[in-house]
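Peer 1: Residue numbers (the numbering used here), protein chains in the order written: chain R, 1 to 110; chain X, 111 to 223.
Heads up, some of the hints might be wrong.
Heads up, incomplete: computed chain X residues facing chain R, CB under 10 Å, no partners named [said to hold, decoys possible]:
#1 Val114
#2 Gln147
#3 Gly152
#4 Phe155
#5 Gln158
#6 Ala202
#7 Ser204
#8 Glu210
#9 Pro216
Footprint (simulated), chain X over chain R, 3 or more residues, beta carbon under 8 Å [as the list claims (entries may be wrong)]:
#10 41-47
#11 92-102
Treat the hints as calculated values from the structure; they're not laboratory data. Given the structure is predicted, the values throughout are model-derived calculations rather than measurements. Every residue gets a Cβ at the ideal spot worked out from N, C-alpha and C, and that includes glycine.
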Amino acid sequence: AQRVTQPEKLLSVFKGAPVELKCNYSYSGSPELFWYVQYSRQRLQLLLRHISRESIKGFTADLNKGETSFHLKKPFAQEEDSAMYYCALSPKAAGNKLTFGGGTRVLVKP
Amino acid sequence: ETGVTQSPTHLIKTRGQQVTLRCSSQSGHNTVSWYQQALGQGPQFIFQYYREEENGRGNFPPRFSGLQFPNYSSELNVNALELDDSALYLCASSLAGGEETQYFGPGTRLLVL
Chain R
1 AQRVTQPEKL
11 LSVFKGAPVE
21 LKCNYSYSGS
31 PELFWYVQYS
41 RQRLQLLLRH
51 ISRESIKGFT
61 ADLNKGETSF
71 HLKKPFAQEE
81 DSAMYYCALS
91 PKAAGNKLTF
101 GGGTRVLVKP
Chain X
111 ETGVTQSPTH
121 LIKTRGQQVT
131 LRCSSQSGHN
141 TVSWYQQALG
151 QGPQFIFQYY
161 REEENGRGNF
171 PPRFSGLQFP
181 NYSSELNVNA
191 LELDDSALYL
201 CASSLAGGEE
211 TQYFGPGTRL
221 LVL
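Bound conformation, chain X alone (with noise of 0.2 Å):
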């Protein structure tokens, strides 16, 4: 059973641009969720993906969003990047519509200068 990966591990982008990160959830999870965790902060929901349709949104602006393909794999997309976007991205999968244990990924890194 594979568990969960994200790529890439980290990247360095400027403000303004735009950024995708990627994430492959755990062998038949359906539901992944994504969070931000700023240095030295708890993880902080963004949004929650189930059978390809947003189920449920964090308080984060609409720059942030995201996608999910049939095979359940994620996308997050990040646009117009702001230095405070700076900040470890995780994703968890899990089954049931997140009812069960999520499961995180080693997340991505991501600077912006």
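Pulled out of the complex, with its shape left as it was, chain R reads as follows (with noise of 0.2 Å):
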């Protein structure tokens, strides 16, 4: 069985500063992981996928598999980040059967 946690409900960071959301993950077979993001009042939308190795809105994400961890990264935050972020991994080639974390809401004061 697979499992991801998102240690960290809430993140409160000011424009400028550095955030980090944390995700770690169990899974004995080889993973794909995503981070998804929900902007108020959007819908469910991909951020980034481990595999395709982008930078998406300045986010960065890097697989260790020592840790088994899937940390997301930005060195500095903007307002319009503000937003509920979910990890989530899949059993490679899958389909994408997503399993998620609970999520962090991320709020970014100016």
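Quick one: dock chain against chain with the hints and give me the complex.
Peer 2: Right, dumping it as structure tokens:
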């Protein structure tokens, strides 16, 4: 069975400060990891996936298989980054049947 | 290109009743996944349909069932509703059996009294 843990329910940072959202997972096989974001009054949308190795909206995430982590980072938070963030895992080549973490709410203060 | 739509937006049922939720996939997408999101939690995978066949199921009882139609739209049916079924139900569509990016709908909020 797979599990995704996001230990922080709420992260509050000032504009321009770095932000890091923690994500730890447990899965015995080879996982694919994702970060999804939900802005206020919008639907859930993909932010990034580890296999694409892209930086989206200044966010990056590195898969650390040794620590089974996939933390999301941004060096300088912006007010528009305020949203709900979910880390998710899917077994590789299994059709993205996602297991989500509980989510972290990010509040960026001016 | 039309995005994923879901109907109804919200509804109220009583315990023991049955409910059908509907999802229209994004144009050209042949895969639909359903998720249940309880208040304050992340979405939980219910099942996935690919080309009208169930293509994987999460840890949900058989009273949760689904269908996918030839136009790739989908239904989620829940029988014998329980109070704990109160949640936001999300569907997501994608290409290629789910291997490509999933696009989520706005959800249907179900309240069971």
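Peer 1: Take the hints in turn and mark each one as holding or not.
Peer 2: Hint-by-hint comparison with the structure:
1. Val114: For valine 114 of chain X, the interface hint holds, since the closest Cβ of chain R sits about 8 Å away, which is under 10 Å.
2. Gln147: holds, 8 Å
3. Gly152: holds, 3 Å
4. Phe155: holds, 5 Å
5. Gln158: Cβ of glutamine 158 of chain X sits 6 Å from chain R, so the hint holds.
6. Ala202: Alanine 202 of chain X check passes; min Cβ-Cβ to chain R is 8 Å, inside 10 Å.
7. Ser204: holds, 7 Å
8. Glu210: holds, 8 Å
9. Pro216: Holds, because the Cβ-Cβ distance from proline 216 of chain X to chain R comes to roughly 5 Å (cut-off 10 Å).
10. 41-47: holds (count 4)
11. 92-102: holds (count 10)
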